[in-house]
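A.B. asks: Sequence:
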Amino acid sequence: MINKKSKIFVGGHKGMVGSAILRKLKDLDYKNLYYQSKAQLNLIDQKKVLNYFKKIKPDAVILAAAKVGGIKANNEKRAEFIFENLSIQNNVINASYINGVKDLIFLGSSCVYPKNSKIPIKEKYLLSNYLEKTNEPYAIAKIAGINLCESYNLQYGVNYKCLMPCNAYGINDNYDLYGSHFLPALIRKIIDALKNKKDHIQIWGSGKPLRELIFSDDIADACIYFLNKKTKHSLINIGSGQEKSINEYAKYIMKHLGVSLKIKHEKVNLDGTFRKLMDSSLAKKYGWQSKTELDVGLAITINDYLKNQIFKEKK
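All residue numbers for the sequence shown refer to my numbering, where the first residue is 25 and numbers rise by one.
Derived by calculation from the structure, the hints in this document are not laboratory data. Just to be clear, a hint being listed does not mean it is correct.
BS3-like mimics (lysine-lysine), calculated; alpha carbons at most 25 Å apart, straight line [stated by the list, open to error]:
{"no.": "1", "residue 1": "K157", "residue 2": "K146"}
{"no.": "2", "residue 1": "K308", "residue 2": "K126"}
{"no.": "3", "residue 1": "K126", "residue 2": "K28"}
{"no.": "4", "residue 1": "K254", "residue 2": "K232"}
{"no.": "5", "residue 1": "K81", "residue 2": "K55"}
{"no.": "6", "residue 1": "K315", "residue 2": "K38"}
Take these sequences, add in the hints, and give me the full structure.
C.D. replies: As structure tokens, this is what we get:
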């Protein structure tokens, strides 16, 4: 268990989820927070990670660092996605154990579950069937991280938990059209179309797959909640319980912005898994559930894009 004076290392503090975790910890008045930029500490470098952990001796670790991206990036950069994620999590989890860390949160993704899993997806469905091919390397890396945490728990009696969120969105997201996830890509495409006075946007694939979304601040809340919670389970789903199709999300964003654009589809095989709604009842049994409604989270996210991302592009 941790307290406000515990030394907490946050891996990936510059990313969307990592930055939300850091904000939340600061808001809750945690005093001893440790984080490093990639230039200061590349988590792929095992020796540097070990030396850093030996130096700071953290009491707890939240690992939100990962190589992430949308379906196209996952499919085309397969080697980088499996190698870098395996390296990051192996180095941080092992360095944590070596330096006496008892409490750790490892963040994964709903893509660890089989492509044709029963819906809603329960934790017990892990490894019950084949993975979605387009993001298989990333998923395999994350599954290895889950097993690594479970193995350390069983062999060494530590308290390493693996939280599996559904698709995340929020402040400080990645809006690169090649590497981003679908929601920030939709936001950028719609706003770009408005700026350029176009009457349509173009979406990869059919737009029919269903996706469950969770606001990044809710994931941050879950990380801190479960860091302070003793559980019998090391794998816990973190979702909102609500899903829409890609096309429906596009129309939802347009409605929020008060515009109507045509949706055109690129006929490419980039739909991925058709449905990934997760069963988050285990998290609820432990006393946690998501709080941010889509309307609220989307408004915050769009405002963040308009204020910060477009400003960066103009500089």
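A.B. asks: Each hint needs a verdict: does it hold in this structure or not?
C.D. replies: Do the hints match the structure? See the list:
| no. | hint | result |
| --- | --- | --- |
| 1 | K157 - K146 | 20 Å, holds |
| 2 | K308 - K126 | 24 Å, holds |
| 3 | K126 - K28 | 16 Å, holds |
| 4 | K254 - K232 | 39 Å, violated |
| 5 | K81 - K55 | 15 Å, holds |
| 6 | K315 - K38 | 23 Å, holds |
Violation of the numbered hints given earlier is confined to hint 4; every other hint is satisfied by the structure.
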